Amino acid sequence: MRATDTVIETRRVMEICNACRYCEGYCAVFPAMELRHEFSNADLSYLANLCHDCRGCFYACQYAPPHEFNLNLPRTFARLRAETYREYAWPSRFAALFQRNGVIVSLVVALALAAVLLLTTTLQQPSVIHGAHIGAGAFYAVIPLNVMITGGLITFGYALLALAVGYARFWHDTAAGLRHPAGLRAWWRALGDAAALRNLSGGGYGCNDRDESFSGVRRSLHHAMFYGFVLCFAATCVATVYHHIFGWIAPYPLVSVPVALGTLGGIGLLVGTTGLLILKVVRDPAPGAREMLGADVALLVLLALIAVTGLLLLALRDSTAMGILLAVHLGFVLALFLVLPYGKFVHGVYRLGALVHYAAETASVRGGDRAIE
Amino acid sequence: MIDLAGSYDVLVAGGGNAALCAAIAAREAGASVLLIEHAPRAFRGGNSRHTRNFRVMHAAPTATLTEAYGEDEYWDDLRRVTGGETDEALARLTIRNSASALAWMAGHGVRFQPSLTGTLSLSRTNAFFLGGGKALLNAYYRTAERLGVVTRYDAEVRNVQLRDGVVEAVEVESDGEIVSVRAKAVVVAAGGFQANIEWLKQYWGAAADNFLIRGTPYAKGRVLRDLLDQGVMPVGDPTQCHAVAIDARAPKFDGGIVTRLDSIPFSIVVNRDARRFYDEGEDLWPKRYAIWGRLIAQQPGQMAYAITDAKALTLFMPSMYPAITAATIEELADKLTLDRATLGETLRAYNAAVRPGRFNDKSLDDCRTDGLALVKSHWAQRIETPPYIAYPLRPGITFTYLGVKVDDRARVVMNNGAGATNLFAAGEIMAGNILGRGYLAGFGMTIGTVFGRIAGAEAAKHARH
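One line per chain: the protein sequences are A and B, in this order. For what it's worth, the working numbering labels the leading residue of the first sequence as 102, then goes sequentially. For what it's worth, the working numbering labels the leading residue of the second sequence as 2, then goes sequentially.
Incorrect hints may appear among the rest.
To be verified - If we take Cβ atoms under 10 Å as the criterion, some of the chain B residues that face chain A in the derived model are: (1) Gly134; (2) Asn139; (3) Ala140; (4) Met318; (5) Pro319; (6) Met321; (7) Asn416.
Unchecked claim - With a straight-line Cα cutoff of 20 Å, these simulated EDC-like cross-link-like pairs (lysine to aspartate or glutamate) come out: (8) B:Lys312 to A:Glu139; (9) B:Lys363 to A:Glu135; (10) A:Lys381 to A:Asp397; (11) B:Lys253 to B:Asp210; (12) B:Lys253 to A:Glu169; (13) B:Lys202 to B:Asp238; (14) A:Lys381 to A:Asp294.
The hints are simulated quantities; they were obtained by calculation from the structure and are not laboratory data. All figures in this text were calculated on a predicted structure; none of them were measured in a lab. Just so you know, even glycine gets a beta-carbon here, dropped at the ideal spot from N, CA and C.
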């Protein structure tokens, strides 16, 4: 991590926080901070990515603005996180995609959508696109299966590779000095923390989702979105097994595992993303970082669009609208795969890395010292 | 705009922990309540904003406290730190009520950290607010608002008009206007006078100009002065204040906990003349930190410097300010603007006097000096490993002890010994009744909570009869 103005500001804030420690009950950031007397650039990168942006510390802070110390930890960490996304992006020249990320993602979505629609309408007969297709292979009549699989494997495979290299870069930078290597136990604990969003619970009493008051809404919405996403992914996996192992060809009946998983997932994704978007509008902007808003909104809207078009596709799959809907849905999915390593999605990758780091370094440690009066 | 011209059952002067407890208790007893807070909303809460925990009697382990802490042990601790300058009846009342206060606090939105394990023995005696004092205040203000307490920020109580022990009206300044507010009963919870430098100068002279005030700049003691001038009985030594050593680079007001410096037992401390003036290793730091404010206040220019070396850097809690470092003592002297020769001599004499021993930062070890006029009794190690590190120190004033006398119903007592009819007090403004000297971690919040609740309930009872 390079020494930027944001890094310097984060260090200033952390040094004050480390002399205070009042917030240590909120999340993992503070116990991790207490293990350190000074903060290297890499330490700050780790701590910033460990922060889940619950905002409890901002409202509890006796030094929050307008106090002259002007501490705004959630905002400072959010800004630093944005820099770490650029720092660890692979290949490095794509780091610039994180600048004005909302615009970039929107552009990719538009281009991907246009490309899929254009290719479909150019390569396919209008009568096929606008006809009704029923029974096995209906979708593939419009867009051939091998095109879907090839496109999906290439783009998703690339995304996984880029995310993995990003993770490795983050880990190499921030966890190189770890005394205990991160073993299975650390991974198990980190995955548990991530799955439950344990650090998005404000020490068990809820987060400051909107303002000074506490709620669990944001955490629930994130769960709906995340597990919706997972269910959609599971639906695709089950369908792949159906197709290649059992020779059962989509579309599947309404009462079937892939449709059930996909429907439930789509609803979760839609509820979660819509709720999170509303929260972004109604919440107190004070602890947030405006420059992150574009990337946040872009990914949420894209996921919501995938959910909506997926559910519509299910509802209208027997109608003449299916062809266009399929192309639109797959256009959005293609866009998602393309922006996966160059948008807000990467937060999950680095957050998981930070949680693994935290689990490893706190395995044998208990609480720090406190100045008490 | 809040109608100050209206009439309220209870007016609460102040906006910290005690004031909120009083306002909530009075409102829950059925009274209409107006709370007048001098600070703007962002700085509401007085010194409670800088607090962190609450000392509580308990018979068995709880979710937030380990083991047990009984009334007699609590009372012994208090008697020891105050040297007997306390009122046993009021003290025991506070201690006993602290037990039920914990549930009351949780019931009104305060959240606590799970009991802390590890090095900190305070988890047996003190419950820690999740997020600290400001989080507690946020919870109380939310609760008060929900209950219908009317809160006015940026408003200062200037005068409580007393006639024969009866409050007739309260003069409030708000938005540049002075309004006379009518209330059937009044609770004063407006703090001490530690932020009033002119007042401190009465006892400390020009030295007070060099004091740093650790907490809110709004604790000017205006209500306290006003009441004492009208024949309310004072309590506590007016010349005394709780003062610790804080980093001299701290702001004049409101620096809070992060400016405190705990390196003294592992350092030598010199004054402006580069000479030591007190045994830095006299006792364990938790038992000595509170004397160092006064010690530095008595030095020329109210300045001191804690000097140690690289070996000590990780032995104490970090402060928010970086250590001043230097490769040589001469360079360090220059950076601190101390006389090179004198500092060199002080250090040489100290290093020569250090006796070999087994260093242990957690207990009273046997590392001491021998042959110096001014001994360092423990943790004395040679200061010889560069980089040398130093922190500049000034007295940091936490609170003052002067207050108003109250009875066991939080009723303010007049100079003639009679209780005021409808005037009650809670928090720092009356803490001197119980804590006439010294300090016990987390006890200020206990007094504020217990007497806030009593004062609020009694005020409501008076107003509604």
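Now the hints, each set against the structure:
no.	hint	verdict
1	Gly134	7 Å, holds
2	Asn139	5 Å, holds
3	Ala140	9 Å, holds
4	Met318	5 Å, holds
5	Pro319	5 Å, holds
6	Met321	4 Å, holds
7	Asn416	33 Å, violated
8	B:Lys312 to A:Glu139	15 Å, holds
9	B:Lys363 to A:Glu135	18 Å, holds
10	A:Lys381 to A:Asp397	9 Å, holds
11	B:Lys253 to B:Asp210	10 Å, holds
12	B:Lys253 to A:Glu169	11 Å, holds
13	B:Lys202 to B:Asp238	15 Å, holds
14	A:Lys381 to A:Asp294	24 Å, violated
The structure shown violates the earlier hints numbered 7 and 14.
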